[in-house]
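Asks: Residue strings, one per chain:
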Amino acid sequence: MDLKGKKVTVHDMCLRDGMHPKRHQITVEEMVTISKAMDEAGVPLIEVTHGDGLGGTSVNYGFPAASDEEYLTAVCKEMKNAKVSALLLPGIGTVDHLKMAVDCGISTIRVATHCTEADVSEQHITMAAGIGGLDTVGFLMMAHMIEPEDLLVQLKLMEEYGANCVYITDSAGYMLPDDVTARVALARAELNPETEIGFHGHHNLAMGVANSIAAVAAGANRIDGSMAGLGAGAGNTPLEVFIAVCDRMGIQTGVDTFKVMDIAEDLIVPLMDHMVRVDRDALALGYAGVYSSFLLFAKRAAEKYNLSSRDILLELGRRRTVGGQEDMIEDLALDMAKEHGTI
Amino acid sequence: MSEKIKAAIIGPGNIGTDLLMKAQRSEYIEPVWMVGVDPESPGLARAKEMGLKTTADGVDGMLPSMQEDGVQIVFDATSAYVHAENSRKVNAQGAVMIDLTPAAIGPFCVPPVNLADAVAQKKMNVNMVTCGGQATIPLVAAVSRVQEVTYGEIIATVSSKSAGPGTRKNIDEFTRTTAKGIEVCGGAHTGKAIIIINPAEPPLIMRDTVHCLTHDDPDQEAITQSVHEMIAEVQKYVPGYTLKNGPVFDGKRVSIYMEVEGLGDFLPKYAGNLDIMTAAGLRTAEMYAEEILAGKFIPGAA
Numbered sequence: 001m002d003l004k005g006k007k008v009t010v011h012d013m014c015l016r017d018g019m020h021p022k023r024h025q026i027t028v029e030e031m032v033t034i035s036k037a038m039d040e041a042g043v044p045l046i047e048v049t050h051g052d053g054l055g056g057t058s059v060n061y062g063f064p065a066a067s068d069e070e071y072l073t074a075v076c077k078e079m080k081n082a083k084v085s086a087l088l089l090p091g092i093g094t095v096d097h098l099k100m101a102v103d104c105g106i107s108t109i110r111v112a113t114h115c116t117e118a119d120v121s122e123q124h125i126t127m128a129a130g131i132g133g134l135d136t137v138g139f140l141m142m143a144h145m146i147e148p149e150d151l152l153v154q155l156k157l158m159e160e161y162g163a164n165c166v167y168i169t170d171s172a173g174y175m176l177p178d179d180v181t182a183r184v185a186l187a188r189a190e191l192n193p194e195t196e197i198g199f200h201g202h203h204n205l206a207m208g209v210a211n212s213i214a215a216v217a218a219g220a221n222r223i224d225g226s227m228a229g230l231g232a233g234a235g236n237t238p239l240e241v242f243i244a245v246c247d248r249m250g251i252q253t254g255v256d257t258f259k260v261m262d263i264a265e266d267l268i269v270p271l272m273d274h275m276v277r278v279d280r281d282a283l284a285l286g287y288a289g290v291y292s293s294f295l296l297f298a299k300r301a302a303e304k305y306n307l308s309s310r311d312i313l314l315e316l317g318r319r320r321t322v323g324g325q326e327d328m329i330e331d332l333a334l335d336m337a338k339e340h341g342t343i
Numbered sequence: 001m002s003e004k005i006k007a008a009i010i011g012p013g014n015i016g017t018d019l020l021m022k023a024q025r026s027e028y029i030e031p032v033w034m035v036g037v038d039p040e041s042p043g044l045a046r047a048k049e050m051g052l053k054t055t056a057d058g059v060d061g062m063l064p065s066m067q068e069d070g071v072q073i074v075f076d077a078t079s080a081y082v083h084a085e086n087s088r089k090v091n092a093q094g095a096v097m098i099d100l101t102p103a104a105i106g107p108f109c110v111p112p113v114n115l116a117d118a119v120a121q122k123k124m125n126v127n128m129v130t131c132g133g134q135a136t137i138p139l140v141a142a143v144s145r146v147q148e149v150t151y152g153e154i155i156a157t158v159s160s161k162s163a164g165p166g167t168r169k170n171i172d173e174f175t176r177t178t179a180k181g182i183e184v185c186g187g188a189h190t191g192k193a194i195i196i197i198n199p200a201e202p203p204l205i206m207r208d209t210v211h212c213l214t215h216d217d218p219d220q221e222a223i224t225q226s227v228h229e230m231i232a233e234v235q236k237y238v239p240g241y242t243l244k245n246g247p248v249f250d251g252k253r254v255s256i257y258m259e260v261e262g263l264g265d266f267l268p269k270y271a272g273n274l275d276i277m278t279a280a281g282l283r284t285a286e287m288y289a290e291e292i293l294a295g296k297f298i299p300g301a302a
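Protein sequence lines correspond, in order, to chains P and W. Number 343 marks the last residue of the first sequence (the UniProt record's numbering); no jumps. Number 302 marks the last residue of the second sequence (the UniProt record's numbering); no jumps.
In isolation and in its complexed conformation, chain W is listed as follows (with noise of 0.2 Å):
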């Protein structure tokens, strides 16, 4: 692969760190710029020695220069108070956002359920819901296009130690926002989420158990086949994603059991919780990025 399309990342945290050592892999896309708004911050100094240019003077840093840098995809991994706009500025340059924050102002993107229809119907900013969510709503979609889901509900475990400032400090927004995720993605008719954060030492992985209630009895075999597929599709980009038991019928319950292992890029292997946030944001980056290279979208022209 000789061309690679040229993308920002903007927040050198753990998530913009992690997400860039994955970048750096990829074969569709380039990091070259790193955002932040705090000159000491060692995310930014890293990208720098990575080779990346850098700001800590946020995105309007950047700006200015990147058009002329080539950036044509922009990840947000700050907050949710400053993605509006951030997206705003950088769609004016002409670059698609996705959005690792919990903002959600673009549609939901989990990329085996709907990552292609919101690349054919060229969306300027995708919003990739929550790490329960990438890690779940595959699942419910899986039982979803199967039969009609009256009820999904999922339920994600994290480590302490994977559970951000920012995710505690708004944890009501994990859980609203992985609800209407189940719904709009899922294809459950109702959403419940819920999420449990455990402390134990040494971290446990990322755990998800996902509960769908159908409408009909369940067609056992096509669901179970389903399932099986559906995460065949998400190890493509996080190999750690793991069938532990299920799925179990009982009466109209049909019950799936995971655990999700990250890859241990800059964040440590239990937090498959973010690690499926980041991979799930850059295969959504890659795609975009395949449209581009063979010309059949060019972004800030839709």
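Bound-form chain P, shown alone (with noise of 0.2 Å):
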């Protein structure tokens, strides 16, 4: 595969996505040091806000240790080259939060639904496309449940929206390397030239770098990943692997590879509350399709409850959940437990 020469621009995931391993608890100062060090390695656009986006702070999905307002505007102040996103899941935030994000100082908007509910996102990507210089992207979430001929209607009514870049997001971290590759290029091939295409992957499958470079082979030229591969479920595509893969082969991401590692080594395991890797819990979120954020919820309410993890996992894939659906999880370990006499 020569894909020598490609410019590719990486974009950094440990403090929204990394936000869910972390319980959405990482603090501004960590925030600060952390996105410095990344701006500083020549990484181009880092996402900043909780872990399920603007507005997420709820008992649903956990209170973080600060505000999205004050995340955004303590981090966007220290960055010299880099540029900060914010991401937006309609259902969850509005465009009050999205306008406070601009005031905060962001450059890219990252509008995410599900992957066939892209007309929701409508009113969200209408608005960011009008403000000016405003780097607006449509985020489909769970890629992998629908064919990719029903992926690309979705796509283009983003595009149309006025989404300038759109997402082919494997939440689940389901995908393998083929079914990457037919979805990137069929939107690569339909959707307008200008329209860029990005890839976000997770590593519930050891996929995550493979996936991105099949991306990239593909057509696309955005790809999400994050430090040490903080985020939901087995993490993100680990970033500062996929670089040093880039390096290797020759596709420019203009990010210092050695810097990155020391990133991920020095400021990232450290933070690390557990060791995000492809444990049992996030092989069965892979395997089974299962949106990688309920991974933590799944085991709380397996200990409450005297479940297995697994098992929770497995029955969310098998009832089709979608993204934001953590409240399913209590009440069917509820059912679970009734069914097993344990309550």
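Mixed in with the good hints, there may be bad ones.
Unchecked claim - Here are the computed lysine-lysine pairs in the DSSO-like style, where the Cα-Cα straight-line distance is at most 30 Å: (1) P:K83 with P:K7; (2) P:K259 with P:K7; (3) P:K99 with W:K180; (4) P:K80 with P:K7; (5) P:K77 with P:K99; (6) W:K269 with P:K338; (7) P:K259 with P:K83; (8) W:K4 with W:K53; (9) P:K304 with W:K252; (10) W:K180 with W:K123; (11) P:K156 with P:K6; (12) W:K4 with W:K123; (13) W:K252 with W:K180; (14) P:K338 with W:K252; (15) W:K6 with W:K123; (16) W:K269 with W:K53; (17) W:K169 with P:K156; (18) W:K180 with P:K338; (19) W:K169 with P:K338; (20) P:K304 with W:K244; (21) W:K161 with P:K156; (22) W:K53 with W:K252; (23) W:K89 with W:K6; (24) W:K236 with W:K123; (25) P:K80 with P:K4; (26) W:K244 with P:K299; (27) W:K161 with W:K89; (28) P:K6 with P:K83; (29) P:K36 with P:K99; (30) P:K156 with P:K36; (31) P:K338 with P:K80; (32) W:K123 with P:K99; (33) W:K122 with W:K53; (34) W:K161 with W:K244; (35) W:K252 with P:K299; (36) W:K122 with W:K296.
Stated by the list, open to error - Every beta carbon over 12 Å from chain W, so not counted as near; a handful from chain P, in silico: (37) V59; (38) G105; (39) E117; (40) G162.
Because the hints were derived from the structure by calculation, they are not lab data. These numbers were taken from a predicted model, which means no experiment stands behind them. For each residue, glycine too, the CB sits at the ideal point set by N, CA and C.
Fit chain to chain and form the complex, with the hints in mind.
Replies: As structure tokens, this is what we get:
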């Protein structure tokens, strides 16, 4: 595979997706330290918010250590070259949050919906695209759940609303490289040539890097990853590994390989409350196609109600749950405990 | 029951048609008008077949004969954008407006929580909040009538097929209006609402989770009893309003897990989110009608 000379914009997730394994408790100071180090290493784009995006603060997803506004304000003002992005899930956050984030200094907004529900993003994408200079991204989650042709229809909606970049998001870490290739290649062939295509991976089947390379080969030019993989489930595509691989392949990221290796090892790994890795439950997520941030909720419910967390995750997969349905987990665990006669 | 109060429905779509089917069974309400804007609308044709007067000229098509036809209650099942104008026009004809759109120009009405107050205050326009609000605010209120609730949060999960274009185009309206309803009607100091749309097939039945954070440690026994009583109240007009699990108590968190199955009149049973709106709207109209029939309230004379 010759990808020499290809240019890829990498987008770091450790201060947003990384909030999931940290139960949204990364402090403002930690965010500032880590983002400054990434800026220094040449990481061009850094996402910062609650793990579930703007307005994610809730009983359902967890209350963060600081508000989105505090995180964004603190990080944005310290960046010399890196740009800051925020995620917004319609149904959780609103255009009011979007405006707040723009006022804090973000330059990219990513509007995320389930892969079949792009039309709920119209209001937010249209508004964002109308703000001069705001990089507006549509982000289709759980993209493994539908066929490439159906996904294309949804991607086109986001493009039509005004997104200048659209993402194929493997929220469950379920895809294999051929799944990525099929989706990205079709999107690249059918979307406007000026529309950028991104890929967001999870490492639940340890495919994060291979999938991201497949995405680049099929025409994606934005790749999400996270320092040391800090992210939901078994984490995101470990960004320092992806960058090292790009270096070897001659793909241009503009990021200093050794500096990101150091950030991952010296700043992120010590921050982890547990080793973010392909453990049994994270593997079950990838195997069954379940939303990655359900991981810790399932572990906690399993412990509380004396169940197997893998059984809970597999059942969530069978029920075709989608991103954001964390409230199903305790409900389901109670049903399962009743069935087992333990409550 | 010999005498019924005559009513009109604006909007012959899914909601309006489901409402019509429910209203035809009512002891207090007699639907006589269906108002639309599209002469080809199947909803208008259906209403006509059922014996209602119809117009495709919007509210203006009904206004000239509205008083003569004795219409005293009007339901608006259109959109927030045209509601204010509709409401002004029908109020001027002396009819009460029950607003099923997210316009919310009148006070919120969640029947088991504050319908009696709205009727007592002779409000000429009441708003039915949102589907998620109708399904959850009674439970926030069930907790807050026992003790202080500092924070109320609801998560409404609806099937993709039951989320119409109006909801999709303005999903922020849902989250904002529901959050406000949790505070104003539910009695929580701060409200938060989340809506999730799930495309699974067969479509899932509407699910709702209610989380309350109480100021002091929750009185488990009193809250549990209050929640069960409130559910029984809602079941009077939505029989498929079902407690799945809870109340679960965890520190100061009180969590309630619900499922809402509709009656399956015009809308499929899984669309409990739409059913609870039409059922709550009708329940509201019936209470107004009872007052009117008892001579306690003359619409327009407030």
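Asks: Please name the hints from earlier in the document that this structure breaks, with their numbers sorted from lowest to highest.
Replies: Of the numbered hints, 18, 19, 22, 27, 30, 31, 32, 37, 39 do not hold.
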